[in-house]
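As a plain string of letters, each chain reads:
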Amino acid sequence: MRPRRRVELLGVALLALLAWLIVYPLILVLVEGFRGPEGWTLDFVRLFLQQPTEARALWGSVWISLASVVLAAAIGIPLAFLFGRYDFPGRRILGWLVALPAVLPPLVGVIAFLFLYGESGFISLLLQRLLRLEAAPWALQGAGAILLVHAYSMYVYFYLFTRAGLASLDTSVLEAAASLGAGRWRTLRRVVFPLLYPALGGAALLTFMTSLASFSAPYIFGGGFRVMTTQIVSTRLNGDDELAMIETVSLTLVALAALWMLRGSRFLDIGAGGRKGLAPARVRVQRHWARLTLGVIGWGLAVLLLLPHLTLLLVSFVPLGTWTTEPLPPAYTWRNYLTLVEDPVRAGPLFNSLWLATVSTVAAVGIAIAAGILSVRRRVRSRGIIEGLLGLPWAVPGTVFAIALATAFSVRAPLAGRFVLVGTLWILPLAYLVRNLPITSRAILAGFRALDPSLDEAAATLGAGRWRTLRRVTLPLLRPALVAGASLAFVTAFGDFVTSIMLYTYDTRPISLEILSSLRQSDVGVAAAYGVVVMAVSAAVFAVGADQGSGG
Amino acid sequence: MTFLRLDSLTKRFDSTVAVDHLSLSIERGEMLALLGPSGSGKTTTLRLLAGFEVPDQGQVLVEGENVTRVDPVARRFGMVFQHYALFPHLDVGENVAFGLESLGVSGEELERRVARALTLVDLAGFERRRISHLSGGQQQRVALARALAPEPRVLLLDEPLSNLDPSLRERTRREIRELIRRVGITTVLVTHEQDEAFDLGDRVAVLRGGRLEQVGTPEDLYAAPANEFVAEFVGRSSTIGVLVLGRTDRGVRVAVEGVEWNLTDTADSPPGPARMVVRPEALRLMDPTPGALIGTVTERRFTGAASLFTVLTEGGAALEVTGPPRSVMAGEQVGIMPSRRAGGGIHLFSRTVP
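Each protein sequence line maps, in turn, to chains A and B. Residues 1 to 552 in my numbering are what the first sequence lists, from first letter to last. Residues 1 to 354 in my numbering are what the second sequence lists, from first letter to last.
Calculated directly from the structure, the hints in this document are not laboratory data. There could be a bad hint or two in this list.
[To be verified] Over 10 Å on every C-beta distance to chain A, these chain B residues come out as not near it, computed from the model:
id, residue
1, GLU27
2, ASP71
3, GLN82
4, HIS83
5, LEU86
6, GLY99
7, ARG112
8, ALA147
9, PRO150
10, ASP287
11, GLU332
[To be verified] Which chain B residues face chain A? A few, computed with CB under 10 Å, are given here:
id, residue
12, ALA50
13, MET79
14, PHE81
15, PRO88
16, PRO152
17, ASP158
18, LEU164
19, PRO166
20, GLU170
21, LEU179
22, PHE198
23, ARG208
Just so you know, these numbers come straight off a predicted model, no measurement behind them. Just so it is clear, CB atoms sit at the ideal spot from N, CA and C, and this is done for glycine as well.
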């Protein structure tokens, strides 16, 4: 039939677009790593295997990621149980504060830690004074520093996944366990945890992949300690492109292996599945001393978690060159914020990040809607591959994608589908788009799946054509999913550092790079002011997303 | 004159035939019920009518116009979906207006016609209510109003009552029937509930495995089922194997588990093994005397004026028999005979294919 064939053709077209954006650059990287001046070669693989620094960097990536999973789980799971199962004064607001590290994009979080625990950070200086030490009590460097940042920013995954898992538990299952004589511990061990496994597996996978791809923390705090992402960038800066390709391949293989090992776990399905039965009610903590203890622990924790945000805010008011060795800055000014608006050189990156994030978000949402219509609604034959490709960039660290795109789009060969985009305005939105496709399409495809297909059919029997149905029925009903997908994409793109550092040009330099350069010029106030802006925008977008997502 | 005609419709999904050479003619203003168990192809037939599926073979004709390949958007068939498929983000009035807007109706005319459609289903003044604030029965009426507002040529109803509380069903059934009679629209509805089909359908088409088994008025189907399947599927009945001995001047002689019965008013059946389908009211209970089929009462269900007894015969068949409420108790041994006014309640279907 003709309309059917047209739909299938559109499916193939989408598939081709995704293959060109996602698979093709990766294949080119693979090819370049195995090609020397005289054709195919394993020289670079040999070089990679011979250098102990390479093995050390790869191992560094792996063990840092594993340790990050353990630390994040150790913090996130107990917190989720505390806030998900018990009721005590301040639970609501604390439960919300606990998720706050999510609004700190990686680089911003890292500089906040620098201001707090770095050599001349508040906490370090405070301790130095109190203990009358000669120097800072610690050096915020190496694996320990990286793990600290990772634990802080990634426990949120375990926290959110576990809470969602707890919320989706059916009370009657717990009651059944109790009626069968299982005590609290046995219920926890034999019923609750097994039911949480998919959620915990998802959180572990997400944490592992995020820390494997983590770049900001190792870049700023690594010092002599190398992980593969920083190794790739430095190899690339040294001009050893082919070796960088092999490093890229090795990191991708580790990522894919992790994905394969945890392939059964549920990832980002939170909120998509409906809840059956009644969620367990929270246990009200009755005893006075227990309430008090929980309150103190809770608020102490909140302060600890909020310190980076507060620090950033405080430092953003510090005038240039006034803060040296005092524990607290001696002077404050609005100047830094005014500069961001008034100085065209400072305002540029702000504007850049805004339009780059907007363009890439709009494109990602558009592609995700097309994929939703073709794959979920029209069920084109290529739907399996389309959905697979949409998820693929998630398994590939950002550094790898940056290299891949830089490789693919630095050559002009229109017949081979290659154009010179590196150095133009378009490479960054493209990179953000590719990186955001998994997260955006996840949310939007889940939205499509939750839509009752008979709504479309009802619209058709009422004489509404495809466009009217899309505009009046499908899109309005998808609004929560669209807003969720778009806000995640926007926030990620707005704070991006990993891909930007490899692909930016002076004209398109985003906020993250301006933060870095302000920091290098010791202009901490401006760096922090940028950080506060990113943090505020992220928080605002998330708040709008949460608001829209729950309504309608 | 035939208004809607299904001509040898056939639809395959992969290797299974969902609808198999189905032909039906529906008069203008008639209500036809498609009745069948799940998998009988009734829903696929409805979807073929609506245009969501395109048949592999055959045609759908409305007043002689071939609409087989007309898009649902252009077909102007109204449909009420099983779960109503009301647009949750639009209010009642906007839902009802949706189809009218497709026709280009706007302004006061639109408001007037929405109000008229809502009045028709007894929901006048409900325009600005949210869908989520309506009861199940109200939602169903909104769905009806929405389907009827653009004045479609044919109305399709997919299991219209399955989503309602049992207590609401009978009343809603009555309301739907009245409403559709009033509007006078040609209607096809799908159901697996015989009561629904008999109550709503002027005629009922019984489907099995994608084929039409029989089509006729409820009375026809009940009194003269075309085959064993229809006899069993329509109305309450039980089945037992018999041997047809031959025809006498007083009817047909059959042997039931060694007992010989004379059946009057039964269509001709060739001698040999046969299946006898019996309505509960066509049998009566008596003392276990010679000439009666002997069995044990296993269950008694009180249904009001009479009780329904399940009797397990010595030969292992379970027969349902109506009788006075307290005549026998479970566990008692009883005899069964055809009641004197068995009428059209006993049907013989030869086992040998003629």
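Hint by hint, here is what the structure shows:
Its beta-carbon lying about 22 Å from the closest one in chain A, B:GLU27 satisfies the requirement of being farther than 10 Å from that chain. Listed as a non-interface residue, B:ASP71 fails to keep its Cβ farther than 10 Å from every Cβ of chain A; the least gap is roughly 8 Å. B:GLN82, annotated as away from the interface, has a beta carbon of chain A within 10 Å; the closest lies near 8 Å. Some Cβ of chain A comes within 10 Å of the Cβ of B:HIS83; the nearest lies about 7 Å off, and the non-interface call is violated.
A beta-carbon of chain A comes within 10 Å of the beta-carbon of B:LEU86; the shortest separation is about 8 Å. With 10 Å as the threshold on Cβ separation, the claim that B:GLY99 sits away from chain A is violated: the shortest Cβ distance comes to roughly 3 Å. No Cβ of chain A approaches the Cβ of B:ARG112 within 10 Å, the least distance being about 18 Å, so the stated non-interface status holds. Annotated as non-interface, B:ALA147 brings its C-beta within 10 Å of a C-beta of chain A; the closest such distance is 7 Å.
At roughly 6 Å, the least C-beta separation between B:PRO150 and chain A is not larger than 10 Å, which violates its mark as non-interface. Here B:ASP287 stays apart from chain A, with its beta-carbon at least about 51 Å from theirs, past the 10 Å limit. The Cβ of B:GLU332 sits about 41 Å from the closest Cβ of chain A, beyond the 10 Å cut-off, so the non-interface label holds. Checking B:ALA50 against chain A: minimum C-beta separation of about 6 Å stays under 10 Å; hint holds.
Here the hint on B:MET79 is kept, as its CB sits about 4 Å from the closest CB of chain A, short of 10 Å. Interface hint status for B:PHE81: upheld, as the beta-carbon distance to the closest one in chain A is roughly 5 Å, under 10 Å. Interface restraint check: B:PRO88 against chain A, minimum CB-CB distance 7 Å, threshold 10 Å, status holds. Nearest Cβ of chain A to the Cβ of B:PRO152: about 8 Å, under the 10 Å cut. The hint holds.
Given hint, B:ASP158 at the interface with chain A, holds; its Cβ is 9 Å from that chain's nearest Cβ, closer than 10 Å. Taking 10 Å as the C-beta contact cut-off toward chain A, the hint placing B:LEU164 at the interface is violated, the least distance being around 17 Å. Contact between B:PRO166 and chain A, as hinted, is not supported at the beta carbon level, the nearest pair being about 23 Å apart and thus beyond 10 Å. Interface hint at B:GLU170: violated, since its Cβ lies 26 Å from the closest Cβ of chain A, which is beyond the 10 Å cut-off.
Interface restraint check for B:LEU179: the shortest CB-CB distance to chain A comes to about 18 Å, outside 10 Å, so the restraint is violated. Interface hint at B:PHE198: violated, since its Cβ lies 27 Å from the closest Cβ of chain A, which is beyond the 10 Å cut-off. Annotation: B:ARG208 was flagged as interfacial toward chain A, and the flag is violated, the nearest CB pair being 25 Å apart, outside 10 Å.
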